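When you get a sec, could you build the whole thing from the sequences and use the hints?
So the sequence lines, in the order shown, correspond to chains A and B. Numbering-wise, this note's numbering puts 74 at position 74 of the first sequence, and it's gapless, one number per residue. With the second sequence counted from 1, adding 1000 to any position gets you this note's numbering.
Source of the hints: derived by calculation from the structure; they are not laboratory data. Computed from a predicted structure; not experimentally measured. It is possible that some hints are incorrect.
[Stated by the list, open to error] Footprint (simulated), chain A over chain B, 3 or more residues, beta carbon under 8 Å:
1) 1050-1063
2) 1067-1074
3) 1093-1107
4) 1128-1138
5) 1163-1175
[Claimed, not checked] Quick list of simulated restraints, FRET-style, between CB atoms:
6) 224(A) <-> 1070(B): 55 to 63 Å
7) 137(A) <-> 1172(B): 22 to 30 Å
8) 1118(B) <-> 159(A): 48 to 56 Å
9) 208(A) <-> 1137(B): 57 to 65 Å
10) 1074(B) <-> 150(A): 49 to 57 Å
11) 91(A) <-> 1116(B): 39 to 47 Å
12) 1110(B) <-> 183(A): 22 to 30 Å
13) 1066(B) <-> 132(A): 36 to 44 Å
[Said to hold, decoys possible] Heads up, incomplete: computed chain B residues facing chain A, CB under 8 Å, no partners named:
14) 1017
15) 1034
16) 1047
Using N, Cα and C, we set each Cβ at its ideal position, and we do this for glycine too.
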Amino acid sequence: MRLGVLFSGGKDSAFAAWRAMGKEEVACLITVVPSNPESYLFHTPNIGLTALQAEAAGLPLVSVASAGVEEEEVADLFRAVSLAVEEHGIEGVVTGAIRSVYQATRVQRVCHDLGLWCFNPLWQRDEEEHLDEVVSSGLRFIITGVSAAPLGESWLGREIDPAALGELKDVARRYRMNPAGEGGEYETFVLDAPFFGRRIEILRASREYRGDRGMFRIDDARLVAK
Amino acid sequence: MILVLDLSFRPGSLSAEEFVGPVDRIARREGKATLIRHYTDIAPRDLASVDAAILCGTALADFGYLGRLERFAWLPSFPRPVLGICAGMQVITRVFGGEVTPEVRIGMAWHEVIARDPLLAGKGRFEAYELHTLSVVPPASFRTLAASASGPAIIRHRERPVYGVMFHPEVRNEWLIQRFLSPIRPGPGNEHEADEGERAR
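In structure tokens form, the structure reads like this:
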């Protein structure tokens, strides 16, 4: 079955893509780029760099712009998935949703309206076990956004290796935070994955941190040999 | 041992991670050993070795299980508790003589308990995750225990602990799977309590 993966550039959509590749043919990545950083449905930091990640993976990218307004985002998603059907003949969509019924419901409706299959291979996973599996799979990612007090500025740009993962789980337990960041507590960006032919090297980046929120913006990056 | 049955379009599919994995994890968290099998691949020895069966749901676009109902011919004579979730409820309905009807529902919806049963003790109105394109007309041998705007939401065989649930209890309603599993012990004598409605008659 030819599938398109809803791809934000973060750890969960990348890992979902990897799971899907083990069972079906991933024909393209699909990204909706919201202009509103508070998008309800779509991950936002560094989303413009999904083109570089798609190139690293050797996959075509279907990218559409969205105003990022709640509920209008569903129409934008419909447009993006329709385009993937036209351009790449996909028969189904894969998401990296774990707990978000809000997100899953909307993607399921779009797929149903378009007569497509919908797959959520990470659905209802135990978040700690999921993070362990992501890190041990060889997927390398950094934190690019924080919006929960226990995750301060020092987390911005930090790679989640096994040591950092231990700390992240401790923080999550202590502050009763979703360890996978499903509540938007943090956002991630994937630098390398088992299905990348090349990895991403960050050349220039900037940090913004105000109140309890911060963003690590990648200003320049390139692909390098693994 | 709990049989966790995969009703998806093929063994080891991507849908199994979404619909079988979560149910299996709940059962194991409850301290139950599980046996995962695809519905096309169950042997008589599997059925003989388990203390209960859970028939899991599958993707909205998947209807393969309804075209192969002969694979579920073991259900009417299976002597252990059964819980069918979504596609599993549709299979139970068809195998016991009821019908399925088109009814698309995607998202959270309110559910109302309308008949007493030990499985639903203390429950009245609750929200649950619906993900289906078919509803059911329950067989005459079943009664409806709970309903939503989309139709029967929980049904139970009038004489045996065979349940069908149209919503997905593995999402935000794990209590239902936990309650179904809690009286189940290995070997004989693991039957659920009698249906209270039937006992009162």
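Now for the hints, and whether the structure bears them out:
1. A count of 4 residues in the region 1050-1063 of chain B with a Cβ less than 8 Å from any Cβ of chain A is obtained; the coverage claim is therefore met, three being the minimum.
2. Only residues whose beta carbon comes within less than 8 Å of a beta carbon in chain A count, and the region 1067-1074 of chain B has 0; fewer than three means the coverage is violated.
3. Restraint check on the region 1093-1107 of chain B versus chain A: 3 residues with Cβ-Cβ distances below 8 Å, three needed, restraint holds.
4. Proximity of the region 1128-1138 of chain B to chain A, defined as three or more residues with a beta carbon under 8 Å from a beta carbon of that chain, is established by the 3 residues found.
5. By the rule of at least three residues with a Cβ nearer than 8 Å to a Cβ of chain A, the coverage given for the region 1163-1175 of chain B holds, with 3 such residues.
6. Taking the beta carbon of each, residue 224(A) and residue 1070(B) are about 56 Å apart, inside 55 to 63 Å as hinted.
7. At about 28 Å, the beta-carbon gap between residue 137(A) and residue 1172(B) stays in the expected band of 22 to 30 Å.
8. At about 51 Å, the beta-carbon gap between residue 1118(B) and residue 159(A) stays in the expected band of 48 to 56 Å.
9. With their beta carbons about 58 Å apart, residue 208(A) and residue 1137(B) fall inside the hinted range of 57 to 65 Å.
10. For the hinted restraint 49 to 57 Å between residue 1074(B) and residue 150(A), the CB-CB distance of approximately 52 Å keeps it satisfied.
11. For the pair residue 91(A) and residue 1116(B), the supplied restraint of 39 to 47 Å holds, since their beta-carbon distance comes to about 45 Å.
12. As the Cβ distance of residue 1110(B) to residue 183(A) is approximately 24 Å, the hint placing it in 22 to 30 Å holds.
13. For the pair residue 1066(B) and residue 132(A), the supplied restraint of 36 to 44 Å holds, since their beta-carbon distance comes to about 38 Å.
14. Hint on residue 1017(B) holds. Least Cβ distance to chain A is approximately 4 Å, under the 8 Å limit.
15. The beta carbon of residue 1034(B) comes no nearer than 15 Å to any beta carbon in chain A, farther than 8 Å, and the hint placing it at the interface is violated.
16. Because the closest C-beta pair between residue 1047(B) and chain A is about 27 Å apart, greater than 8 Å, the hint is violated.
In summary, the numbered hints that this structure violates are 2, 15, 16.
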